[in-house]
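Student: Here's the letter readout for the chains.
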Amino acid sequence: MNDRDWPIDLRGVHKTYNRKIKALRGVDVRVGAGEIFGLLGPNGAGKSTLVKIMMTVVLPNRADGTILGQPIGHKPTLRRVGYLSEDHKFPPYLSGARVLDYYARLSKVPAQKRKREIGAWLERMGMSKWADTPVSQYSKGMLQRIGIAQALLHEPDVVLLDEPTDGVDPLGRKQIREILVELRQAGKTVFINSHILSELEMVCDRVAILVHGQVARQGTVEELTAHSLTYQVKTADGIDSLRDEIVRLGAEVADRTVTIKGNDASAVNKIIDFLRSKKIMIESVRPKRWSLEDVFIDAAAQLQRED
Amino acid sequence: MQIWALILGTIRETIEKKIFWINLLLSTLVILGVASISFNDQGIEVFFGWQTIEQTGLSTANPFYRGLISMLLSGLFVDYYIGWVACILGLVSTAGVFPSLMEKGSIDAIVARPLSRWTIFFAKYAGSLFYMLVQATFFIVLLFLVVGWRWHVWFPGLLWSIPLVVLLFSYLYCICVAFGLWTRSSIASLLLTLAMWLIPITGIHYGYETTHSFLIAKDWHKIKSATATLRWFVPNTTGIARMVQSAMDDTDPLELFKQQAERGLPLSMEELEYALEFEKKMIAKPWYYWVGPSLAFEAVVLLLTGWRFSRKDF
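Sequence order for the protein chains is G and Y.
Using the numbering used here, the first residue of the first sequence is number 5, and each one after it goes up by one.
Using the numbering used here, the first residue of the second sequence is number 65, and each one after it goes up by one.
None of these hints come from the bench; they were simulated from the model.
By construction, the Cβ of each residue, glycine as well, lies at the ideal position given by its N, Cα and C atoms.
Check before you lean on any hint, since a few could be wrong.
Footprint (simulated), chain G over chain Y, 3 or more residues, beta carbon under 8 Å [to be verified]: (1) 126-140; (2) 165-171; (3) 177-186; (4) 371-378.
Taking the hints into account, I'd like the entire structure generated from these sequences.
Tutor: Right, dumping it as structure tokens:
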């Protein structure tokens with residue numbers, strides 16, 4: 005990919021609030037066209053700040069890079085960007101249809117297209133029945149559906165979603181995932197902030213882990229979890245008396261389970277031979293790959309230690 | 065399209081509040097009160113002609129009847145009702161526009177659009193002023209029609225008070241917006257605006273007018289010059305009534321004042337001459353004397369507040 009193929013290309017994004025709280029400390033992130041990118045991080049990691057900087061809601065102290073080839077903060081570009089904020093609040097007296105109309109007008113969607121798209125998106129999100137009901141009477145899930153519709157109604161090339169499945173039931177989540185996949189197929193760039201790691205694991209092509217305002221890890225889910233392959237050997241008998249010898253062989257012991265890090269089969273065989281030599285009955289041997297959650301916890305812990 | 069959407073959104077927001085309808089209802093009641101009164105060559109007819117109170121001073125036979133009615137309209141209805149009651153109700157209705165705009169989750173969806181923060185700021189501001197435009201138009205057009213029909217005098221110039229009252233409201237609303245942006249609370253911004261209006265602004269202007277008009281403070285030269293200086297730095301709310309009156313009627317206000325003074329005000333000739341001299345000076349002032357400093361004040365407050373809004377993290 006050359007530079008023009010990165011609709012989101014952030015470099016050295018810094019943000020300090022009130023000259024004290026360092027929210028972002030030099031974040032570099034690139035997201036390609038037709039890619040779903042997930043940003044993970046604990047509360048207060050700076051995820052929302054990063055998205056808000058891209059959407060000009062928060063002003064950075066320093067930020068190089070571009071969105072759709074234009075410098076960050078270039079307002080006309082936002083016409084091609086869709087955004088769903090976390091804890092979004094719509095005017096309570098407006099109906100769902102009017103909310104969509106209001107935000108579509110603000111995104112300069114022509115009248116005819118507005119009329120057509122509003123009906124289509126209400127239908128798609130299963131909200132047609134509630135189109136004329138004031139949003140003050142909507143549940144959290146319904147608000148989220150309207151929120152997603154307003155972010156996508158103007159057919160943006162880049163979509164930034166902050167906790168898109170928050171408060172949505174499993175069926176709604178599946179529907180949102182399907183929409184995200186469709187966007188990817190249409191060549192759009194999707195950037196998701198979420199703390200629901202399993203959600204991200206299911207749809208994201210690449211993820212970044214943000215901790216204390218820094219990108220701790222970045223890559224595809226496979227890349228991030230590949231180095232974390234472990235083997236677990238479960239025994240039928242107690243092995244507490246053998247703990248020191250097993251640890252000397254480079255493995256860890258917890259209860260009746262021996263964990264061998266890495267994907268070196270000879271190391272596993274060494275442990276099995278040792279256990280068999282001590283007449284220990286082996287129940288099972290299975291490889292285990294870290295989940296995104298394990299990677300996330302590990303990265304957070306590592307960065308905390310370094311700090 | 066975007067600006068109009070923002071303005072319309074703000075209007076809708078204010079109309080949704082009950083106070084908007086309470087304000088309209090109150091205006092209707094006042095207009096009904098005006099309609100229940102009429103004047104004839106003997107005096108005042110009350111309750112739609114139920115009884116006549118003989119009062120030659122306020123009868124159609126009085127050669128200065130038109131002038132007196134214009135004073136009554138500009139002083140009582142425009143200055144006090146629209147300029148005070150409706151403005152306070154307007155502030156109550158619109159004080160929440162900026163604090164609610166800046167609520168977490170609400171501001172994001174608007175700022176993240178292809179329009180500048182300055183545009184958002186001024187469109188919301190204009191939308192709030194539209195509230196006052198609706199209220200003032202409703203009241204003043206009805207007042208104009210009812211006064212023409214029941215009091216037999218037509219003042220097309222009264223309609224000038226619509227933009228003038230909106231102007232007056234805008235002086236106060238800019239302060240409310242500044243406080244709203246600072247405190248993010250509609251109640252705090254409303255109370256602070258009222259405090260700023262009622263205490264220094266009104267105090268200074270009324271102090272200034274009083275010291276000049278009634279001569280009771282003829283010796284208070286220091287206070288007089290202090291208030292005269294200060295009034296240049298704060299919105300001139302009382303000047304609006306004067307402008308309305310001069311737009312309404314071409315009766316020589318000096319003659320009117322003289323006649324009224326001769327009728328009843330306990331003034332010596334020396335005091336009367338002084339007051340007349342003052343009135344002459346006031347009448348000779350150009351329009352920008354009344355609105356210039358206030359507009360400059362408003363512009364400065366809006367520019368500072370708009371700049372703050374444009375640089376704020378939400």
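Student: Take the segment 165-171 of chain Y, compare each residue's beta carbon with every beta carbon of chain G, and decide whether three or more fall closer than 8 Å.
Tutor: holds (count 5)
Student: For the segment 371-378 of chain Y, does the count of residues with a C-beta closer than 8 Å to a C-beta of chain G reach 3?
Tutor: Per the Cβ count (3), the hint holds.
Student: Would you say the segment 177-186 of chain Y counts as covered by chain G, given the rule of at least 3 residues with C-beta under 8 Å?
Tutor: holds (count 4)
Student: Can the segment 126-140 of chain Y be counted as covered by chain G under the rule of three residues or more with Cβ-Cβ separation shorter than 8 Å?
Tutor: violated (count 0)
Against the hints set out earlier in the document, a violation occurs for number 1 only.
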